[in-house]
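S.K.: Chain by chain, the residues run as shown.
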Amino acid sequence: MSWVLDLALRTVAVLGFLVFTVLFLIWLERKVLGRIQMRMGPMRTAPFGVLQSVADALKLVLKEGLRPDGADRWVYHLGPVVAVLPALMVWVTIPLAGGLVVQDMRLGVFYIVAISGVSVVGMVMAGWSSNNKYALLGAARTAAQMISYELPLVLALLGVVMLAQSLSLGDIVEQQSPWPYLLLQPLSFALFLIAGLAELARNPFDIYHADTEIVGGPFVEYSGIRWAMFFMAEYVNLFAISALAALLFLGGWKGPLLPDVVWLLTKTYAFVLFIIWLRATLPRLRIDQLMALAWRYLVPLAFANILVIAFYLYYQMPGWTLSLASLAMAGIALVPLYRHWSGRAPARTRTADRGGLPKVESRA
Amino acid sequence: MAVWLGFGVLAGATVAGALGTVTSRNVVHAALFLLVTLIAVAGLFLMLFAEFLALVQVLLYGGAIVLVLLFALMLTRIRGTAASLDNPQRPLAIVAALATVGLLLGVVLSTQWPVQQPGGGPVGFPQWGASLFRQWAIPFELASVVLLVALIGAVVISRPGGEE
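So the sequence lines, in the order shown, correspond to chains A and B.
Using the numbering used here, read the first sequence as starting at 9 and increasing by one per residue.
Using the numbering used here, read the second sequence as starting at 219 and increasing by one per residue.
Read the hints as simulated data drawn from the structure, not as lab findings.
Values in this document were obtained by computation on a predicted structure and should not be read as measured data.
Virtual Cβ for every residue (Gly too), placed ideally from N, Cα, C.
The reader is advised that the hints may include incorrect statements.
[Said to hold, decoys possible] Now the stretches of chain B that chain A is said to cover, found in silico as 3 or more residues with beta-carbon under 8 Å: (1) 229-243; (2) 270-276.
[To be verified] Looking from chain A toward chain B, a few residues come up when the C-beta cut is under 10 Å (computed): (3) Val90; (4) Val121; (5) Ala122; (6) Ile123; (7) Val126; (8) Val129; (9) Val132; (10) Thr150; (11) Ala151; (12) Ile155; (13) Gln173; (14) Pro194; (15) Val307; (16) Pro308.
From just these sequences and the hints, can you work out the full model?
M.R.: Written out as structure tokens, the structure is:
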């Protein structure tokens, strides 16, 4: 039974680490956002407000969990659980250093992609069951956004998997020992980052929260511990995508002098800070712009990328050719993209045909 | 023992989810019950050491297809769909269901239990890919052509002013 005990201990350790990380991330985000916006951020709870998240968590746990009149009881209560469970399950196979993982899987990358997709169903359940038009709109946007961005994300990961010839995160890190995949595969990295941001619904893709348009999206009606569960899912996912970016493209825990864990956490937090910085900097895209970006640019680009990697592997070309081809493709894609965004592209279709959503009828 | 317990739980969830799907009067509930069934079937695949198949099941059916279903359902008015839950195809559905039961029973009864594993042990991921894209490449491509046709058909039907 010792392996059961071992597994249980590792699971508890990862859960503890995640809870601590989420509290820290929330504090960090508020602090960094505050500084960027020439504010102090949280200051009152302990020096520099470091205990602010703890106080907030306590408040949320003690708060009453409201259920709006006319909400669909079971779906409303299950929504947060379905959203948070996959977010936590993903961490089974994400290593923090060589061997420091609950269970390294042969199909690790695929497992992460598959499980994290289910999380969205929880958010859609929440939005639909709340009996609130803003929540319903948020749910529809969530579904549309996730369907669009799952594909480029998976295809970007496929590029890395093809190069590493393995789906295990441990193997992929080992494969990057001389050069991280960021240098070999800048295009995959860019695709992963854009699609990852959309998966996380962070700026500039925070379309289904969109506080200024639909209040708070699918979570409008939630309060107390259930709302906290959604928040936990969001931040755990943020940390997971950052850790994945570090593991898949920056060589994971490899680095000179410092211990493995320190290297991985440094790289991960670099991405976390980058994402927070984006939130303070970029405006939000419209939903039709988001869909156009995914289907017209990211998906074709990802397919072209896979084709190029296949050629590279089959003819065993030197590494710099792949880097060059990758950069060239990204450059070629930027031209129509720039014309599209800057409004210089010829108006090929009416706005309604540009991937804009059909009108959503409220249930009232 | 643990295997039987796991199988019992998963099989129970599969059947319960399927019953919920067909008996629920609310289409969104039906879609969510369907998700339960699909995930439980993924669990059954996992118990057969077909972890790749299990993950594909979760990714495609659990994530994408149920999501598309929910998305489509949310765009329709939920209250108005209760009347359209039934249609006159019941007899046909019964025939199809009985044919499926017959086929499955036939296979179960004509198999010698316990089954001898042909290869011995779980199939590795590389072998999986090789057999899919070499030995079974043509059926695989045919399936994608069918999907492509369906996709184009959907686009043609949904185009404004496309119908005669």
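S.K.: Confirm or reject each hint.
M.R.: Against the structure, the hints:
no.: 1; hint: 229-243; verdict: violated (count 0)
no.: 2; hint: 270-276; verdict: holds (count 4)
no.: 3; hint: Val90; verdict: 9 Å, holds
no.: 4; hint: Val121; verdict: 6 Å, holds
no.: 5; hint: Ala122; verdict: 4 Å, holds
no.: 6; hint: Ile123; verdict: 7 Å, holds
no.: 7; hint: Val126; verdict: 5 Å, holds
no.: 8; hint: Val129; verdict: 6 Å, holds
no.: 9; hint: Val132; verdict: 5 Å, holds
no.: 10; hint: Thr150; verdict: 9 Å, holds
no.: 11; hint: Ala151; verdict: 4 Å, holds
no.: 12; hint: Ile155; verdict: 6 Å, holds
no.: 13; hint: Gln173; verdict: 9 Å, holds
no.: 14; hint: Pro194; verdict: 26 Å, violated
no.: 15; hint: Val307; verdict: 13 Å, violated
no.: 16; hint: Pro308; verdict: 15 Å, violated
Comparing the model with each earlier hint shows violations of hints 1, 14, 15, 16; every other hint is respected.
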